[in-house]
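Undergrad: Chain residues, written in single-letter form:
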Amino acid sequence: MGRGVIAVDRVVAFVLGAGLVAAGAVGLGWRFDLIPDAPERLRFSWLPAATRTAWWPWATGAAGVLLVLLGLVWLIRHFRSRGVRRLRLAGSGHTGLLTADAKAAATAAGERLTQTAGVRSSSGRMVSDRGQLVAELNLTIEPTADLGTVQAAAEQTSHDLHRMVGRDDLHHRVQLHVARHEQTPARVR
Amino acid sequence: MSYETAKRPAGTAAVAPIGILAAVATVAVGVVGVHDDLQAAGAVRGPSWTEWLAGRLETIQPGDWTIPAGIIAVVVGLFFLVAALKPRRVTHSAVGRDGVWIRRRDIARLAAESAESVDSVVSVSAKSRRRTVRLTVRAIGDTDRVATELDTTVGERLAVLSPPPRIRKRVVEEH
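Respectively, the protein sequence lines represent chains A and B.
Everything in the first sequence is counted per the working numbering, starting at 1 for the first residue and increasing by one.
Everything in the second sequence is counted per the working numbering, starting at 1001 for the first residue and increasing by one.
Calculated cross-link-like contacts (lysine to aspartate or glutamate; reagent style DMTMM-like; alpha-carbon spacing at most 20 Å):
1. 1007/B to 155/A
2. 1169/B to 1113/B
3. 103/A to 1004/B
4. 103/A to 169/A
5. 1169/B to 1119/B
6. 1169/B to 1116/B
7. 103/A to 168/A
8. 1169/B to 1144/B
9. 1007/B to 168/A
10. 1007/B to 129/A
11. 1127/B to 1151/B
12. 1007/B to 169/A
13. 103/A to 160/A
14. 103/A to 155/A
15. 1127/B to 142/A
16. 1169/B to 1151/B
17. 1007/B to 1098/B
18. 1127/B to 1156/B
These aren't lab readings, by the way, just hints derived from the structure by calculation.
Note that the structure is predicted; figures quoted are calculated from it, not measured.
I would like the entire structure built from these sequences, with the hints used as guidance.
TA: Structure below.
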């Protein structure tokens, strides 16, 4: 889910919320005669007449198609992956394009971290997060792991990944998860 | 070369479910419009949905229905407003200052593991809040000594967090 779709959600929720509060308050005020000079009833006699005109089906049809498309795009944006597949590398120009498999680079960095004491497993990916290109490493560590050792190794590997990719706009983030129980080595018979 | 750290991890926005519902509602309203167009063209049988709705809305006057409808509208509206303005939840704490993060429940797991290693401790339950780790420990023997050792052991274990959390503990003597 991107930043843009959340911004749209916030604006829509705010407008709908303000509208509902206002409509509810006006409705209650009307019911309890708290609004001075309020009419007894509101008549929209033009509304049924409009639905019987020749242009009405065309208008509803066009608006309907537009709303279906708009709604579907809005819905899909909520579930779209933020993953970045390929990275354009420094040195690309008119003569050629240099790209790298973004996920493979992040996965390799994560794999290297599994050699650190206390790191059980890892996964890595490149994502576009709140306007930043982010190399995101997720590490599962043992409950007995030394946090300082893992932190130092994670920072070092992130710096190595920066040097390898060579892009100034790359950001890094390492997220640690602690396993519930310590992994016991398989019993040898 | 600069090693820029990414923004702090954040939970899902509270407004996202409302956005998803609103998107589905937009599609549903669109379907009504398309239905009436097809109905007018003779491709679909039955009455026009918008004509039925226009008939219902022709005259509006307050009645008994206005009270529950008004209350529901205000409550739902307030809920939408709060969700629209609510910032995304902070889910992680920093480990050091260079882009390494850990979830709260994982801090609690590390604290519990450290507390279990203290001599005389029988069982531990740990909870982690924003700035505090709360330990409930059952121990045999000298509870004051256990409390002091808990401070040292768990404090050292979590010292790398920035800022290091406060450790609140309750040591219960096991008989």
